[in-house]
Amino acid sequence: MIFSAENVDAESVAWIFENVWLVPALPALSFFLILFFGKKLPKRGAEIGIFSVGLAFGLAVFATFTWITQINDSQSEKTDESYAALSIEGEPSQKVILTADDGAVRGKPIITEVEWFSIGGSSDSHSEEEAPSETSKENKTAIDSPAIVAIAAEDSSDSEADKSDDYATAHSESDAPAISIGTWVDGQSVMMLFVVTLVSLLVHVYSTDYVHGDRRFTHYFAFLSLFTSAMLFMVLSSSTLQLIVGWELVGVCSFALIGHWWEDKPNSDAALKAFLTNRVGDIGLLIGMTVLYFAADKSFSIEKINQMAVLSGQEGGIDKGLLTIAALCLMAAVMSKSGQFILHTWLPDAMAGPTPVSALIHAATMVVAGVYMIGRLYPVFWEGLTIAGSNINAMALIGAITTVGGGLLAFVQRDIKKVLAYSTVSQLGYMVLALGVGAYTAGMFHLFTHAFFKACLFLGAGSVSHACHHSFDMKADMGGLRKYMPKTFATFMIGSLALAGIPPLAGFWSKDEILAGAGVWPGTGGNGTYYIPFIFGMLTAAMTAAYMTRVIWLTFFGTYRGHEKPHESGSRITIPLIVLAGLASVVGFLNMPSPFVETLGLPKSWAHKFEDWVEPAGIATFVGKANGFTHAKPSLSLAIVATLCAVGAGGAVLAYYKKLYAKDPQATEYSDGFLAKVPPLRAGYAFLTNKYYLDHLYSGVIAAGTKGPVAKAAYWFNQNVLDQVINVAGKLSVFVGRFIYRFIDQGTIDGLVNASGRGASESGESLRQVQSGQVRHYAVMMFAAAALLAAVFMVDF
Amino acid sequence: MFLNQFLFFAAILFSIGVYGVLTRKNGVLVLLSIELILNAVNINLIAFGAYHQDLSGQVFALFIIAVAAAEVGVGLAIVLLIYRNRRSIDVSEADLLKG
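In order, the protein sequences belong to chains A and B.
The opening position of the first sequence corresponds to residue -19 in the working numbering, with each subsequent residue numbered one higher.
The opening position of the second sequence corresponds to residue 3 in the working numbering, with each subsequent residue numbered one higher.
Read the hints as simulated data drawn from the structure, not as lab findings.
There could be a bad hint or two in this list.
To be verified - Some but not every residue of chain B turned toward chain A, in silico, with C-beta under 7 Å: (1) 14; (2) 20; (3) 92; (4) 93; (5) 99; (6) 100; (7) 101.
Claimed, not checked - Label pairs and their in silico Cβ distance ranges: (8) 27(B) - 749(A): 20 to 30 Å; (9) 745(A) - 5(B): 44 to 54 Å; (10) 18(B) - 772(A): 21 to 31 Å; (11) 772(A) - 94(B): 29 to 39 Å; (12) 735(A) - 5(B): 55 to 65 Å.
Think of the CB as a built atom: it goes at the ideal place given N, C-alpha and C, for glycine as much as any other residue.
With the rest of the complex left out, here is chain B (with noise of 0.2 Å):
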């Protein structure tokens, strides 16, 4: 069994999604490297699971997805309504929290 390749190409996938979270401005792109995170983590329950000949790992991913699903869907209704109160969908803008 290869678990080392699944664990890089993880790794990989994760510091891609990391980084597009860190350095994208626009709201939609931020979402879908979070996806990439979220990826890069089932990749590794699965790999793991496949390799403790384990159907737990599968089940975790699946839920995973499944909230996932739910995280995009919750996000992209906000993306969508601070680019109808703001016109534009950039992240370093929608700081009304600042201290």
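Isolated chain A (complex conformation) (with noise of 0.2 Å):
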């Protein structure tokens, strides 16, 4: 098994890979520093946040580079007799590390762990004793290297089982119970480090401009620092149980961040929305881990689980059937955190929060989260959700049908937060689709990309807003800003651009990357052929183009229709549009097909870089043992196709509002145009204005539905066994009462109390007589006493 490939020594760690907690552990240190100092500071924490966020950026940056060498000196290191032994051992692409398209090398993932804590009562105490030792850091892999190579090349069927033994008896002597808490460094939690900490820098940035002045300023930085801490958290995350608590946490924050504005009750539904419909994900959430911990062995390990995944169906592997409800459990995690459809109706809500957070948490990196656990658990994910008896995986199904069914509804929306929040449930669609048809790193890549131009425009979008006096709606409010704006329109332009997939922007490699990885393409190869993910990725891909297109027209071109008269942004909001654009323009490169680079004349290394430095090591191989997992070939066809659907799309909407502009320069729809002509198609708006009329559902008669029996249940139990056991309970104190007034007060306590006044008084009485006050008695008394006292000893001696 090549995840648990021999451990390559410790020093060879590289420092920032063991230390890496430190990007984490800085904004989550300036989230106190500004909770309980910022609002003395004079930029009220802004500038702890920045400097925090800053420093973490750089570390990133560190670690990214680190990595990024690594990869590159142990590709270079790569010799010839490697090669030479995997082609004699034959088929490459099923068995080994290296991948068939070209045997590059793929990075391992470096673990450092401590023990968090311990769950008591292990059954065999042995092992207890032992795992104090085990406390210390524990380094374990490192970056390929020949040996790797070398044993992945010996591999075989028997040595295969032989590991899975030896894996099984190492597993029954460490049954210590405790639970580590680490850091997981790989190629994709190094990507999601650069991208976090990046765009949760720019956001900061921005945000000392946008929410100036802002009453919750101090409160608001301090949970972006919260935020950024938490995500990075839950991106190292070594263990299940520390991805819940980072993905607990990024909800907590999401949820403080879209209620920033609570005293308007738009904003807080919105914020309660969010939160609600995220539990409904998050019990999957747990119970699915909770299923894969039982399932593997007892363990929280993502290594573990991963292993034990990949031979699903095999001895040492996790049970066929319980991976599958796992997998369906986290599934529902995935959809509500990462906005899948049905579960996607916070996510355009949440656009009440101020925009900086929609960009980086709602666009950038809080939503991926179900993404990057796809990815993280990829074999958990993989396995489980295969459906069976077909080379099918049910991701596919879920993401196209978001990707078509968000991108719907993305062209009937006046708001252009809400456009660009549909699209991001789109394009999550499409980062979906992409792991469930196997394209791991299309998928990945796209996520990466994705960030920059999707954050781009938002905090395009929030200029816009920040210049039409704090407006949203592209209907009213807009129009014609692009000579206003100049910068703001050159940057949202190259974002949308992106986004629409046209070359050479971002968009356009990620998303021709997933559509080849749908394998219908001729000549795409890829994992089976997803005919109905294909169909609806291409789909999306003209729609993307269509419903951008009207969103610049009605945003920056026309005339404008607000009332004031608007004005570019300061430096402190462009600067951060200026930096993402350019990444959205660029990035993009970091993943050309070989093919392209060929074409070009560039060197050979230049190709799928992003491929080499994210792809995990395992990802090749264990799809492969599953359902000959291979990457798609790029295919210049599908990619002259794609963009042509989108060019032509995002062409007819734009010749759609020319021909209104040259008839009215301020309408924005047709009043006689087809809406009006053709019942069908009213009804379809009618269907997508009410947003599949999902939240009817949802409140109107899930919630309704429930909620009326359940309160008359209520009612009646409340009446009929509350009230009753209430009024027994009455009665029989009342009689308790009675009784013990009657016979223990009053006859014993009381009885008591008399007697021994009586008792007093009587003797009293008595003894008086004694009292003769004549000194002779007592005399009397004394002589008699003293007598008898004589006699007493005089018989006793």
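Hints given; two lone chains; assemble the complex.
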């Protein structure tokens, strides 16, 4: 098994990979500092946030470069002999660490763990005695080296069996119930570190202008820091438990930031909706992780779970049925967090939060947490959600439905942020689709590129709204802004083109890779033929271009329909926009397909760098075991067709609006267009404006449907059961009180008191007789007593 | 040594004293009877002291004589005050402590 390949010496682990915990720790520290001292500082806490996130970004960049250098070094160290060994063994794409394409080296995770806490009461005590020695830092693995390649090369079916046996015995020995917390560094997490810290830093800078003068300015920055920290913590999880903690923390931050302006009811409603919808998925997360814990021999370790998920259906692996249940439960979590259809409804409403928050949390980072989790537990999702008896993975279908469902809704929004939100839903669907069709790298790459252009678009929308006096309504308050805000326009344009997949911007490369991954287009190969995801993907590519054209027209072209004169935003807003637009233009080149590179005559090593850096060692191999996973081959014709689709759709929308503009410069829609003439279209439009009636379904049917009977049942229960119980209890206590009064209080206690009083008085009366006052009587008594005493003495002695 | 005679004598003297204390109504005579009792005790102490060839009996007797003198002083003062208040020294009439 590749995941459990030999551990390389600890000293080869770079400093930054052992201490990568600093990256989330810095924003966490900043959260507390801002909370305690923020209000007293001149910038009211913003400077702490920017400084710490900037520092974290620096560390993340350092980690990224260290990672890339290590991969590149080990790639160049690769010898020709190992190639030879591989080809002799045969079936290289099936068995070994090197992928079929070109035998590139893949990174292995570097896991650094310390004991977090332990669950008491282990059945075998000896393992507890051994446990403390394991609490020290445990460096497991490092980058691939030729040693691993050699091991991988001699891999065969029975050595695999040996290793799973070894694994089983090793596991039964170390049944110590210690839960570890740690960091997991591989391409995927390093990529996320880079994205999260970069976008967070830009959003921090942007926010100093955007929420300037807000009454909860300090609170806002504290939560931005906490969110950044939680997201990084989640990204670096080495155990599922840690993942859950990070997952919930980002959810809480999302809740707090959506409801930042909670004085307005819709905002706090949106926050609640986001939180509650996510709870639905979180239940799935908890159940799924619990099932995995027990299925994977009581382990929270992601590494172990992945190893066992790969072996599912074999000895030493997780039971296939359990894996499916766990994967389905986890999929619910993914659906809520990453806005997959039908749990996406909170994401557009989450736009009630401040725009930088939407850019950071609801476009670039938190909403991709679900996608990230799929990638992190890819074996679990892949093995668990592959529909039995077929080569089709259910994730691809979920993603396909989401990508089209979200894209359609983007057409009918007036609110520029909601268009972007539905676009995010659609793009998240794309990522899940990619992971579903086995195009792991394509999915991750899309996550990476999407973070930049979507954050750019959101921040651009924020800039526009800043100019238009905090309105997001494209039809009422915007139009013709191109002349007033050239920088925002240019960056927004780049972001939109990147999103629409127009070459050579970032979105083109990642989207195209996903479409190729679906394996339908001739010559792409892939992992099976996913017709529906492919068609939906193509459709979405066209739709994306169309609705973004609509947004750009309504916002930046035509005539200005607002009230006051708009103005370009300040440099703290435009600089993040320019940085993100710049990245959105160039990051696509990180993963150019090799034929493209060859055609252009560029160095061969420039091709698919992202794949080399991010794709983990195990992915290719384990999926190969299951379903003949291969990287899809890029197809020039597919790229051309997809681009033409996008350009065509965008052009059509543009033509539509141009014609409208010629007719009436103020109009934003035809009053007598298709919608007015064709009733079925009107019905479809109503269906879309009502968001597929999902909110009606949730609050009207499900919530109201359960709330009525539940309330009635509760009332009945209250009247008939609780009240009866209370009545009986009351009556019983009255009876007991009476009984106690009559018999115990009056009879016993008062009797005792009276008797003691009477006894004292009577004994006093009788003793009074003795007290004569005559000295002589006392003397008699004294002498009598003395005589008696004397008599006693005499008798005694 | 004839211890018995002294003891008999002291016992008779003690009994007379007790009789006097219990029967006399005159306060002065009650005090006088108490002196008899004390002296009976003194005789006993001296007799036993002599019998045991031990001087501590006589020392004790001296103490008792001294204490008795003080006691008589206090007693006579009380009798005097009773007399002043009631014009009588009949102890059977002094029963203010009667319960």
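Going down the list of hints, with the structure as the test:
1. 14: 16 Å, violated
2. 20: Interface hint status for residue 20(B): holds (6 Å vs cutoff 7 Å).
3. 92: Violated, because the Cβ-Cβ distance from residue 92(B) to chain A comes to roughly 11 Å (cut-off 7 Å).
4. 93: Holds. Min distance 6 Å.
5. 99: Because about 4 Å separates residue 99(B) from the closest Cβ in chain A, which is inside the 7 Å limit, the hint holds.
6. 100: Status holds, d = 3 Å.
7. 101: 3 Å, holds
8. 27(B) - 749(A): 20 to 30 Å: Holds, since residue 27(B) and residue 749(A) (Cβ atoms, about 22 Å apart) stay within the stated range.
9. 745(A) - 5(B): 44 to 54 Å: 50 Å, holds
10. 18(B) - 772(A): 21 to 31 Å: This hint holds: roughly 25 Å between Cβ atoms.
11. 772(A) - 94(B): 29 to 39 Å: 31 Å, holds
12. 735(A) - 5(B): 55 to 65 Å: With a Cβ separation near 58 Å, residue 735(A) and residue 5(B) satisfy 55 to 65 Å, so the hint holds.
Hint compliance for this structure: hints 1, 3 are broken, all remaining hints hold.
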